[in-house]
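Colleague: Sequence:
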Amino acid sequence: MSTGREIRLIEEDEGGWSAIDEETNVASQGETREEALANLDEAVELTKEAREADTDAPEADAPWFDG
Numbered sequence: 001m002s003t004g005r006e007i008r009l010i011e012e013d014e015g016g017w018s019a020i021d022e023e024t025n026v027a028s029q030g031e032t033r034e035e036a037l038a039n040l041d042e043a044v045e046l047t048k049e050a051r052e053a054d055t056d057a058p059e060a061d062a063p064w065f066d067g
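Each residue of the sequence shown is one higher than the one before, starting from 1 at the first, in UniProt numbering.
Don't read these hints as lab results, they were simulated from the structure.
It should be emphasised that the depicted structure is a prediction, and the values quoted were computed from it without experimental measurement.
Treat the hints with care, since some could be wrong.
Stated by the list, open to error - The calculated label-pair distances, taken between Cβ atoms and stated as ranges, are:
#1 Asp13 with Glu52: 33 to 39 Å
#2 Asp13 with Arg51: 20 to 26 Å
#3 Arg5 with Ala53: 19 to 25 Å
#4 Arg5 with Asp54: 21 to 27 Å
#5 Arg5 with Thr32: 18 to 24 Å
Built from N, CA and C at the ideal position, the CB exists for glycine as well.
Using the sequences and the accompanying hints, generate a full structural model.
Modeller: Take a look at the structure:
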């Protein structure tokens with residue numbers, strides 16, 4: 001089942017994977033593609049909850065994220 005989300009997966013030179021949800025500008029990482037995607041799902045959900053509760057989401061600290 002497709003969620004209709006646009007996600008970028010990046011294989012990192014140092015190993016591991018980064019996953020970025022283009023719509024929400026949320027990113028996460030993991031040792032495998034599956035782990036990166038699972039971590040991204042959790043990060044997106046937590047970000048949505050914070051936005052709905054009108055609280056600040058954590059600041060992004062990934063080097064590729066400048067939004």
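Colleague: Are the hints correct? Go through all of them and say.
Modeller: Do the hints match the structure? See the list:
1. Asp13 with Glu52: 33 to 39 Å: Since Asp13 and Glu52 have Cβ atoms about 36 Å apart, the given range 33 to 39 Å holds.
2. Asp13 with Arg51: 20 to 26 Å: This hint is violated: roughly 32 Å between Cβ atoms.
3. Arg5 with Ala53: 19 to 25 Å: holds, 22 Å
4. Arg5 with Asp54: 21 to 27 Å: holds, 23 Å
5. Arg5 with Thr32: 18 to 24 Å: This hint holds: roughly 19 Å between Cβ atoms.
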